[in-house]
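**Q** Residue numbers (the working numbering), protein chains in the order written: chain A, 1 to 252; chain B, 1001 to 1384.
A couple of the hints might just be wrong.
Computed far set for chain A versus chain B, every beta-carbon distance over 10 angstroms [unchecked claim]:
hint, residue
1, 2
2, 3
3, 7
4, 9
5, 46
6, 57
7, 59
8, 64
9, 68
10, 184
11, 195
12, 197
13, 215
14, 230
15, 238
BS3-like cross-link-like pairs, simulated, lysine-lysine; straight-line CA separation at most 25 angstroms [claimed, not checked]:
hint, chain 1, residue 1, chain 2, residue 2
16, A, 143, A, 17
17, B, 1056, A, 82
18, A, 9, B, 1069
19, A, 82, B, 1167
20, B, 1202, A, 87
21, A, 215, A, 139
22, A, 17, B, 1167
23, B, 1167, A, 86
24, A, 143, B, 1056
25, A, 9, B, 1167
26, B, 1180, A, 86
Derived from the structure by calculation, the hints contain no laboratory data.
By construction, the Cβ of each residue, glycine as well, lies at the ideal position given by its N, Cα and C atoms.
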Amino acid sequence: MNLIVNNLKIHVQDVGKRSKPCVLFLHGWGASGNSFSKLIEEIGDNYRCVAPDLPGFGASEIPTKAWGVKEYANFVHDLTAKLGIKKIHAICSHSMGGRIAMHITAQRILRPGKLILIGSHGIVQAKSLRNRAYKVVAKVGKKATLVLPNRVRSQLRDKLYRQAGASDYLTAGAMRDTFINLINTDSQPDAALIDIPSLLIYGKNDKQTPPSFGKIFHELMPNSKLNIVSGADHFIHETEPKIVATQLKEFL
Amino acid sequence: MKNVAVIFGGRSTEHDVSIVTALSSIIAPIEMLSGYKPIPVYIARDGSWYTGDDLKEVHFYSGGNLEDKLKKMKKLSLKFDDGLWLLKPGLGGEKIRVDIVFPSMHGTYGEDGSLMGLLRMAGVPFVGCDMAASVIAMDKVLTKQLVSDAGLAVTKYVWFEKRDWQKNSKEIITKINNLKYPLFVKPAHLGSSIAITKVKTKDELENALEVAMHYDDKILVEEGVTNLTEVTVPVMGNDKPRVGMVEESLAKAEFFDFESKYMNGGKKIKGFGKDEGGDKSTWSRIPAKIPKPLYKECENLALATYKVLGCSGISRVDLLIDSGKKIYVNEVNTLPGTLYRHNWQKAGVSAVELVEKLLHFAIERFEESKRLTTVFNTNFLKQF
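Using the sequences and the hints given, assemble the complete structure.
**A** So this is what it looks like as C-alpha cells:
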C-alpha cells in the first residue's frame, strides 16, 4: 500500500495480522521491500511483516535533498508511528539497511527486541592501495582532460569508476549524494552500543560485505551470534531464503 | 508535401510512454505515407522544445546522457503567423511551416487540453480530441458527471476538493461511508495509476485519501465492481465514429505486488505488470470473451460516451462489466498509448492506415471549424 510520510509518498508492504509480533524489514541500496518477499513468504504466518521501500527506492518518492543514516532512521520512526506500530519485535535488515537498523537501535530511535543483520554494511575501510591509485588517476585525469568535449570526459570518467567497482555510484543518479553520505557512515560506534540479541548472517562468498565485516560487528556486539553460510553471496536472503528463514525462525 | 509536427515528451509522469508512442506508432508509419513529412518535436522534462532528425531515434533517449545531448542542441521557438511555424535559431537556422500537428503527449500539459489550447490559438489543424473533450476526459469527476447526465451508467461516487476536506473532513467521510466497499480512491486528474488505492475497509480510507491529496486538489472516491470484467474499446472518427475491437483486460488485480500476492494465498497472476506500450497479447484478449449481445452493448456504450464527451479523432473508452450483465463507463483516454494500434490491426486497420485516417480527421475538423463565424464586426469602438 501507499501512504504519505514526511510529505513523501511511500510504498510499504504490511503483511500479516496486526495482532502478531511485528518484524520490520529494511532493504539494501538499489533494492526495495520486495527483496524480502521470499523470506516473508517463509515466516509471514507468524508475524506482522512490514517492508517499506525506503525513500528514493522502489515505488517510494525520492527525498528533495540528500539524506544520510540519521534521516533514514528518523523516517523509519515516523513510518512505524503512522502505521500505529507500538512494539517492534525485531528489525531484519540487509546490506545498507543494516547501517540504518544499527543506528535506530543504538540511538534508541526505536526499541526493537531483536536485530538481524544480513550481509550488513557499515565498515568504512582504510583506503586500499588500489583505491588510492584510482583516486590519483581520477584527480590527474580531471585536469588532463579539460580540453576534451564534455561527452568524452564523462565517458572516460564512467569507465574509470566502473573499473574501480563503483557501479552503484554511477547508477545512483539523483541519489548520488545520499549514496556518498551512506557509504561514508561507519557503523562501528553504533554497533558497540547494541546489547539486544542480534543475529548476523553473512555469505562466505560475499565480495561486497565479506564475513570479516560480520566478525568485526560480532566482536563489538556482546549479545550477537554470527552465522557464515558457505556457498552464499551478498544476496543470501534472496538466493537462499529457506536457509535464512530457518535461522530467523530459530532466532525470533 | 505536408509537414506533420509530432509533439511528444513533456512535463508529465508519462513522458517516456509518450516517446514510445511518437516514435513507433506515429513517426515511423507517417514516413511510409506519401505526401506527409514527420517533424519530431520533443518537449524535455524541463519544458524546453527541440527538433532534429536525431530525435527520431530511440537510442537518443535510451542511450544515456540525454541532458548533455540536449545541451548541445538549440532550443526551438514557435511563431504564430497565419498558422504555426517552428524556428530553429542560430547559424544555419531554419523556419519550418507546420501544416498539421500530431500530439503524442500523455497526461498533464499534453493530453489535458493545454497543448490543444495552444494549437487552437495558432490556428493549425491537429490530430485527436479538441480542447474541451481533452479537458473533460482528463478530469475523472467531470467525465462521470457528464456521462451520467446523459443517462449512461457510472459506478456510485463521491468527490471533493482538498479545501472542502480541510474545512469538513467528517462530513466527507460520512458521505464516503455511504458507498459500498471496496472503494477506489483516485486523484481526479492524474493519468497514471500511481496514486490510486483500492480501499477494502474503513480503516484504510483516510490513508488512501491522504495519498490522493498528495497529488491532486480534486479527489474521486468510487465504488468498486466486485465481479468485474474490464474491457476497453478504441474509437476513432469525427461525426461518424467507428469502434475498434472490444479488448478484455486479463490483469484482474490492478494493484498487484507482493502484498496482494501474499494476501491472495500466493496465487500468481500471469502476465501482470507490462507497461502501456508493451506487448499487450500477454495480458489482454482481443476480442473480449463475452456473449455477443454484451459485446455489441459495449460497442454502443463506447460510441455513446465518445459522443457525449465531444471526442473527435481518436479515444479509448474503458468500461467495467459487473457479473457479466451491467456495464459502467469507467473513463476515457484521449490519447491511448501507442494509439492502440495492436487493437486497430485486429480490426483490420494497419498502423499506416491508422495515422492516415487520423490526419484526415484532423484536416476535416479544422476545415469545418473554419466555416464557423468567429468575428462579429461592429462599430462599437467608434463611440469612444
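**Q** With reference to the structure, classify each hint as holding or not holding.
**A** Going down the list of hints, with the structure as the test:
Distance to chain B contradicts residue 2 of chain A as a non-interface residue, since its nearest Cβ pair spans about 5 angstroms, not more than 10 angstroms. Not every Cβ of chain B is farther than 10 angstroms from the Cβ of residue 3 of chain A; the closest lies at roughly 5 angstroms, contradicting the non-interface assignment. The beta carbon of residue 7 of chain A is not kept farther than 10 angstroms from every beta carbon of chain B, the shortest such distance being approximately 8 angstroms. Residue 9 of chain A, annotated as away from the interface, has a beta carbon of chain B within 10 angstroms; the closest lies near 6 angstroms.
For residue 46 of chain A, the non-interface assignment is confirmed: its Cβ lies about 14 angstroms from the closest Cβ of chain B, beyond the 10 angstroms cut-off. Against chain B, the non-interface label of residue 57 of chain A holds: every CB pair exceeds 10 angstroms, the least being about 14 angstroms. Distance to chain B contradicts residue 59 of chain A as a non-interface residue, since its nearest Cβ pair spans about 8 angstroms, not more than 10 angstroms. Every C-beta of chain B lies more than 10 angstroms from that of residue 64 of chain A, the closest at about 14 angstroms, which supports listing it as non-interface.
Annotated as non-interface, residue 68 of chain A keeps its C-beta farther than 10 angstroms from every C-beta of chain B; the closest such distance is 24 angstroms. Distance check for residue 184 of chain A against chain B: the nearest CB is about 26 angstroms away, which clears 10 angstroms, and the non-interface claim stands. Taking the minimum C-beta to C-beta distance to chain B, about 33 angstroms, the non-interface status of residue 195 of chain A holds against the 10 angstroms cut. At roughly 27 angstroms, the least C-beta separation between residue 197 of chain A and chain B is larger than 10 angstroms, which holds for a residue marked as non-interface.
Distance check for residue 215 of chain A against chain B: the nearest CB is about 33 angstroms away, which clears 10 angstroms, and the non-interface claim stands. At roughly 29 angstroms, the least C-beta separation between residue 230 of chain A and chain B is larger than 10 angstroms, which holds for a residue marked as non-interface. The Cβ of residue 238 of chain A lies farther than 10 angstroms from every Cβ of chain B, with a closest approach of about 13 angstroms, so its non-interface assignment holds. For the hint pairing residue 143 of chain A with residue 17 of chain A, the CA-to-CA distance comes to about 59 angstroms; that exceeds 25 angstroms, so the pair is violated.
A threshold of 25 angstroms between alpha carbons decides the hint, and for residue 1056 of chain B with residue 82 of chain A the separation of about 47 angstroms lies outside it, so the pair is violated. For the given pair, residue 9 of chain A sits about 31 angstroms from residue 1069 of chain B by alpha-carbon distance, which is inconsistent with the 25 angstroms threshold. In summary, the hint linking residue 82 of chain A to residue 1167 of chain B is supported, as the alpha carbons are separated by about 23 angstroms, within the 25 angstroms threshold. Between residue 1202 of chain B and residue 87 of chain A, the direct Cα distance comes to roughly 24 angstroms. Compliance with the 25 angstroms bound is thereby established for this hinted pair.
With a C-alpha separation of about 35 angstroms, the suggested pair residue 215 of chain A and residue 139 of chain A falls outside the 25 angstroms cut-off, and the hint is violated. Restraint check for residue 17 of chain A and residue 1167 of chain B: not satisfied, since their Cα atoms lie roughly 35 angstroms apart, outside the 25 angstroms limit. With a CA separation close to 31 angstroms, the supplied pair residue 1167 of chain B and residue 86 of chain A exceeds the 25 angstroms bound. Among the hinted pairs, residue 143 of chain A with residue 1056 of chain B is inconsistent with the structure: their alpha-carbon atoms are about 36 angstroms apart, more than 25 angstroms.
Of the supplied pair hints, the one linking residue 9 of chain A and residue 1167 of chain B holds, its CA atoms being roughly 23 angstroms apart against a limit of 25 angstroms. Our distance criterion of 25 angstroms between C-alpha atoms is broken by residue 1180 of chain B and residue 86 of chain A, whose separation comes to about 31 angstroms.
In summary, the numbered hints that this structure violates are 1, 2, 3, 4, 7, 16, 17, 18, 21, 22, 23, 24, 26.
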